[in-house]
Amino acid sequence: MTEAFEPVIIGFTCNWCSYRAADLAGTARVKYAPNVRLIRLMCSGRLDPTFVLKALASGADGVMITGCHPGECHYLEQNYKAMRRYHLLKRMLAQMGVEPGRVKLVWASAAEGVRLAGEITKLVEEVRALGPLNWPTAGVAAALPAKPAALEVPA
Amino acid sequence: MTEKIGVYVCHCGTNIAGMVDVEGVAKWAAERLAHRGVVIARDYKFMCSSLGQELIEKDIQELGLTRVVVAACSPHLHEQTFRTACARAGLNPYLCELVSIREQVSWVHTDKAAATAKAKAVLSGGVERVTHHAPLEPLRVPIHPATLVVGGGIAGIQAALEIADSGTRVYLVEREPSIGGHMAQFDKTFPTLDCSACILTPKMVSVGNHPNITLMTYAEVTKVDGFVGNFEVTVTQKPRYVKVDLCTGCGVCEEKCPKKVVDDIFEVGLGKRKVIYRPFAQAVPKYPVLDRENCTYFIKGTCKACEKFCPTDAIDFEQKEEIITLKVGNIILATGFDLFNAHRIPQYGLGRLPNVFTSLEFERLCNAAGPTNGNVVMRDGTTVPKSVGIIHCVGSRDENYHAYCSSICCMQSLKFAHLVRERTGAEVYNFYIDMRAPGKGYEEFYHRLLEEGVHFVRGKVAEVSAFARLPGEEGHLIVQVEDTLIGKQRRIPLDMVVLSAGLEPRHDAKQVAKVFGISCSADGWYIEKHPKLDPVATMTEGIYIAGAVQGPKDIPASVAQGAAAAARVMGRIQQKEIALEPVRASIDETRCSGCRICNALCPFNAILYHADTAVSEVNPALCQGCGTCVAACPAGAISGTGFSDEQVLSQMEGLLLRNLQPVEV
Ligand SMILES: Cc1cc2nc3c(=O)[nH]c(=O)nc-3n(C[C@H](O)[C@H](O)[C@H](O)COP(=O)(O)OP(=O)(O)OC[C@H]3O[C@@H](n4cnc5c(N)ncnc54)[C@H](O)[C@@H]3O)c2cc1C
Ligand code: SF4
Ligand code: SF4
Ligand code: FES
Chain A
12 MTEAFEPVII GFTCNWCSYR AADLAGTARV KYAPNVRLIR LMCSGRLDPT
62 FVLKALASGA DGVMITGCHP GECHYLEQNY KAMRRYHLLK RMLAQMGVEP
112 GRVKLVWASA AEGVRLAGEI TKLVEEVRAL GPLNWPTAGV AAALPAKPAA
162 LEVPA
Chain B
-9 MTEKIGVYVC HCGTNIAGMV DVEGVAKWAA ERLAHRGVVI ARDYKFMCSS
41 LGQELIEKDI QELGLTRVVV AACSPHLHEQ TFRTACARAG LNPYLCELVS
91 IREQVSWVHT DKAAATAKAK AVLSGGVERV THHAPLEPLR VPIHPATLVV
141 GGGIAGIQAA LEIADSGTRV YLVEREPSIG GHMAQFDKTF PTLDCSACIL
191 TPKMVSVGNH PNITLMTYAE VTKVDGFVGN FEVTVTQKPR YVKVDLCTGC
241 GVCEEKCPKK VVDDIFEVGL GKRKVIYRPF AQAVPKYPVL DRENCTYFIK
291 GTCKACEKFC PTDAIDFEQK EEIITLKVGN IILATGFDLF NAHRIPQYGL
341 GRLPNVFTSL EFERLCNAAG PTNGNVVMRD GTTVPKSVGI IHCVGSRDEN
391 YHAYCSSICC MQSLKFAHLV RERTGAEVYN FYIDMRAPGK GYEEFYHRLL
441 EEGVHFVRGK VAEVSAFARL PGEEGHLIVQ VEDTLIGKQR RIPLDMVVLS
491 AGLEPRHDAK QVAKVFGISC SADGWYIEKH PKLDPVATMT EGIYIAGAVQ
541 GPKDIPASVA QGAAAAARVM GRIQQKEIAL EPVRASIDET RCSGCRICNA
591 LCPFNAILYH ADTAVSEVNP ALCQGCGTCV AACPAGAISG TGFSDEQVLS
641 QMEGLLLRNL QPVEV
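Residue numbers (this note's numbering), protein chains in the order written: chain A, 12 to 166; chain B, -9 to 655.
Isolated chain A, as found in the complex (with noise of 0.2 Å):
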């Protein structure tokens, strides 16, 4: 049985702008594609960019990483930090042969909902255009850090 490919992305937002972003796209009911399933965190500086290879790792076929504008980070200056990251991170996947078009680094304020919205859709269209990740999971995840132990045990 074939289905259409359905892509997943993980979102990694911040509490102060792209979360709440996320929470005005809902209050004013924007529409967008539903493959995306966000994580927040304090803020875009936490963003560790083993967890994008983690992510891609683990069957998300695109990531999305989101942060307050440069300027209005809540934290001063973390999100240069982020993009910084975020700009190795790109490189260090093509030289994986990961496109580097499934990650994706948008800056949404909390004012930006449809903005936001229109983000994710664009992105779940670029990574549906890319079709599945399929990344041989075996061997790069057990180049990454070790799982939380927790999820190894199986029911």
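One or more hints might be untrue.
Unchecked claim - Not close to chain A: a few residues of chain B, all C-beta gaps over 12 Å, as computed:
(1) Lys48
(2) Lys233
(3) Lys262
(4) Lys310
(5) Glu311
(6) Glu312
(7) Leu316
(8) Leu343
(9) Ala358
(10) Asn365
(11) Glu453
(12) Glu463
(13) Ala604
Claimed, not checked - Quick list of in silico lysine-lysine cross-link-like pairs, DSS-like style, CA-CA up to 25 Å:
(14) B:Lys519 <-> A:Lys42
(15) B:Lys290 <-> B:Lys228
(16) B:Lys276 <-> B:Lys178
(17) B:Lys233 <-> B:Lys310
(18) B:Lys298 <-> B:Lys310
(19) B:Lys290 <-> B:Lys310
(20) B:Lys298 <-> B:Lys228
(21) B:Lys290 <-> B:Lys246
(22) A:Lys133 <-> B:Lys102
(23) A:Lys42 <-> B:Lys522
(24) B:Lys102 <-> A:Lys42
(25) B:Lys298 <-> B:Lys233
Please keep in mind that the hints were generated in silico from the structure rather than gathered at the bench.
Being a predicted model, the structure only gives us computed values, none of them experimental.
Glycine included, each C-beta is placed from N, C-alpha and C at the ideal position.
Chain A is already provided as a structure; the job is to place chain B with the ligands on it using the hints.
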């Protein structure tokens, strides 16, 4: 798996249940997440109701739940509600996780099956994450009882007085030489037409005399350190060149100063002031300031007339900028608005056609203490206009400038129409797009103006020009407008045109927001914590906003916000301490290699390095929990309470449904 997890899926009436199969989600969790520790999964109409909360409390007590996951609305709305419910039943509140299936699922998706599948994934993420939560205690920090109010317009004045009257110290910092803000420039205020100075001056005087208010004018806040309860604020006091402890405010210096310059600020270029001056007669404080740039002594080295005549030797040419540090617990920002610069719309002729005025210029013309003693005259200073046009919505409700409505301009234009009729008897034309008069007594005021014989033309003015084409146009300004009520283009010759320019954020609103660590909307207005339920708080604890800085508003609304912000601050002060989220980083010294990578990353300098033991340590009093150091530490030595690697990664595994065996959705 030792945890006993309770799962609660909310219908939120039909808000969630209309798009997500909530019963299905609960059933699914009970079956497919049982091996992850879920012992009970319920759905309920309104989880946040007292009955919904009791459901959780009962399960905690009867089933001995050790973790709770609620799938409902945004944590920014009800996280506290459910945490409190857990605490009531004896479960540590931080062992409860609220996942959003309303804002992030039912309200934003249109396909029921896809929305339900996503709700399951989101819930599963919450279940995995909460397993890694640890019981925490909130951080209690004391609240310093002093408050900083920035901006001495009517909003800031109101806030300062309310707090000072309650008995605690207020520092009011104002950039201009006097408090009063825009309201001090007006003659009358709509819709009651009471005299602006008559209602404002007593409040300004109270501020000046209040034993609990330290007024700092001609000063600006340049730095803010610390956090709610314990801010350390740096204020830069510009030199007045007047010793305020000696000055009696007699005004002799101002009288004797031989040099006059155009006053671009208070008189918006229409009037002049001396080089040593008070912006207006009722200024508070009463001390003048010396404008160094224009002072003959500072330019040429001679003059000092003010010094010679000052009876108390209060003039001090050696005065220097002063840096003052204040300790405060809370901050209210009330820095107001700027007027839209109507030069940006060249076809309206401001600056090119002398008899085109801005609204603020017109306010000064009307003001009895203004440059024309309250006579409404044309630019030559003597001719009384026989016909006046007032253009609404200049720069507002216009995609090219500001898409928003400035909310006060219709009423202010009606006020102008009344004042022109009253003072000159001239014919008045108001050009409006829609008449917006939603406040108390506003619609009535509009009807009064209709009866006063003002001509109302519904249409957006295309152009104001001086090119006469038709008989009767010679020597006049011609307003070209489509009158949409009769469906015709009209050319209306007038003597004078007033542009009711909109309100816009202060030119430096973004920089000021940065100093205080708050955010602006796309337009530049400061963002409130919640647009309906929390209009004066910001997302930064301890920082409040009031008045036009939050968005265009009239005086009554600015006063209400000033008082509201004051009430919030007073509540905080009364409580003496505040409980903060215990989201903090900490370093495991046995794993720290002493590389010091984290030290420079911390925006709050919370990480110190112990050279003797060669390890770094986080000072929890300074750490704000952004997590940047956690992400950066190459040794994995830093963990973030409430946002640990385990929590994030396990939530991710849950979201990707890696916890199900076997996977089929
Ligand atoms: C032409 C016109 C006519 C109007 N007529 C009426 C009317 O008749 N009735 C009515 O209800 N409303 C009227 N309004 C609206 C009214 O002006 C506002 O509602 C009111 O002024 C808002 O008060 P505020 O204190 O928020 O801001 P403001 O009056 O703008 O005061 C802000 C204060 O903060 C100071 N400040 C700014 N930045 C800083 C900084 N960085 N540091 C320190 N201090 C700073 C400013 O110098 C100022 O003193 C009118 C507006 C206009 C433009
Ligand atoms: S980054 Fe990690 S290892 Fe390096 S000093 Fe900081 S805590 Fe220690
Ligand atoms: S979490 Fe952020 S604020 Fe806290 S010590 Fe680390 S870098 Fe500094
Ligand atoms: S708080 Fe949003 S990016 Fe730092």
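Do the hints match the structure? See the list:
Every CB of chain A is more than 12 Å from the CB of Lys48 (chain B) (nearest about 27 Å), matching its label as outside the interface. Distance to chain A confirms Lys233 (chain B) as a non-interface residue, since its nearest Cβ pair spans about 38 Å, more than 12 Å. Chain A leaves Lys262 (chain B) outside its interface by the beta-carbon criterion, the shortest separation being 40 Å against a cut-off of 12 Å. At the 12 Å boundary, the C-beta of Lys310 (chain B) stays outside the reach of chain A, the nearest C-beta of that chain being 30 Å off.
The claim that Glu311 (chain B) lies off the interface holds: its Cβ sits roughly 25 Å from the closest Cβ of chain A, which is beyond the 12 Å cut-off. Here Glu312 (chain B) stays apart from chain A, with its beta-carbon at least about 26 Å from theirs, past the 12 Å limit. Consistency note on Leu316 (chain B): stated as away from chain A, and its beta-carbon is indeed over 12 Å from all of that chain's, at 21 Å minimum. With a minimum CB-CB distance of about 38 Å to chain A, Leu343 (chain B) clears the 12 Å threshold, and the non-interface call stands.
No Cβ of chain A approaches the Cβ of Ala358 (chain B) within 12 Å, the least distance being about 42 Å, so the stated non-interface status holds. With a least beta-carbon separation of about 45 Å from chain A, Asn365 (chain B) lies farther than 12 Å from that chain, consistent with its non-interface assignment. Non-interface status of Glu453 (chain B) relative to chain A is upheld: no Cβ of that chain comes within 12 Å, the nearest being about 34 Å off. The claim that Glu463 (chain B) is not at the interface with chain A holds, since no C-beta of that chain comes within 12 Å of its own (minimum 46 Å).
For Ala604 (chain B), the shortest C-beta to C-beta distance to chain A comes to about 24 Å, beyond the 12 Å cut-off, and the non-interface label holds. Straight-line distance between C-alpha atoms of Lys519 (chain B) and Lys42 (chain A) comes to about 23 Å, which keeps the hinted pair within the 25 Å bound. A hinted pair counts as satisfied when its Cα atoms are at most 25 Å apart, and Lys290 (chain B) with Lys228 (chain B) qualifies at roughly 22 Å. With a C-alpha separation of about 23 Å, the suggested pair Lys276 (chain B) and Lys178 (chain B) falls inside the 25 Å cut-off, and the hint holds.
Note on Lys233 (chain B) and Lys310 (chain B): the hinted pairing holds, with a Cα-Cα distance of about 11 Å set against a maximum of 25 Å. At most 25 Å may separate the alpha-carbon atoms for a hinted pair to count; Lys298 (chain B) and Lys310 (chain B) meet this at roughly 21 Å. Only pairs whose Cα atoms come within 25 Å are accepted, and Lys290 (chain B) paired with Lys310 (chain B) is accepted, the gap being roughly 19 Å. A hinted pair counts as satisfied when its Cα atoms are at most 25 Å apart, and Lys298 (chain B) with Lys228 (chain B) qualifies at roughly 23 Å.
A threshold of 25 Å between alpha carbons decides the hint, and for Lys290 (chain B) with Lys246 (chain B) the separation of about 18 Å falls inside it, so the pair holds. Pair hint Lys133 (chain A) plus Lys102 (chain B) holds up; C-alpha atoms about 21 Å apart against a cutoff of 25 Å. Annotation: proposed proximity of Lys42 (chain A) to Lys522 (chain B) holds, straight-line Cα distance about 22 Å (limit 25 Å). Using a Cα cut-off of 25 Å, the hinted pair Lys102 (chain B) and Lys42 (chain A) holds, with the two alpha carbons roughly 13 Å apart.
Using a Cα cut-off of 25 Å, the hinted pair Lys298 (chain B) and Lys233 (chain B) holds, with the two alpha carbons roughly 15 Å apart.
Going through the hint list in order, the structure satisfies each hint without exception.
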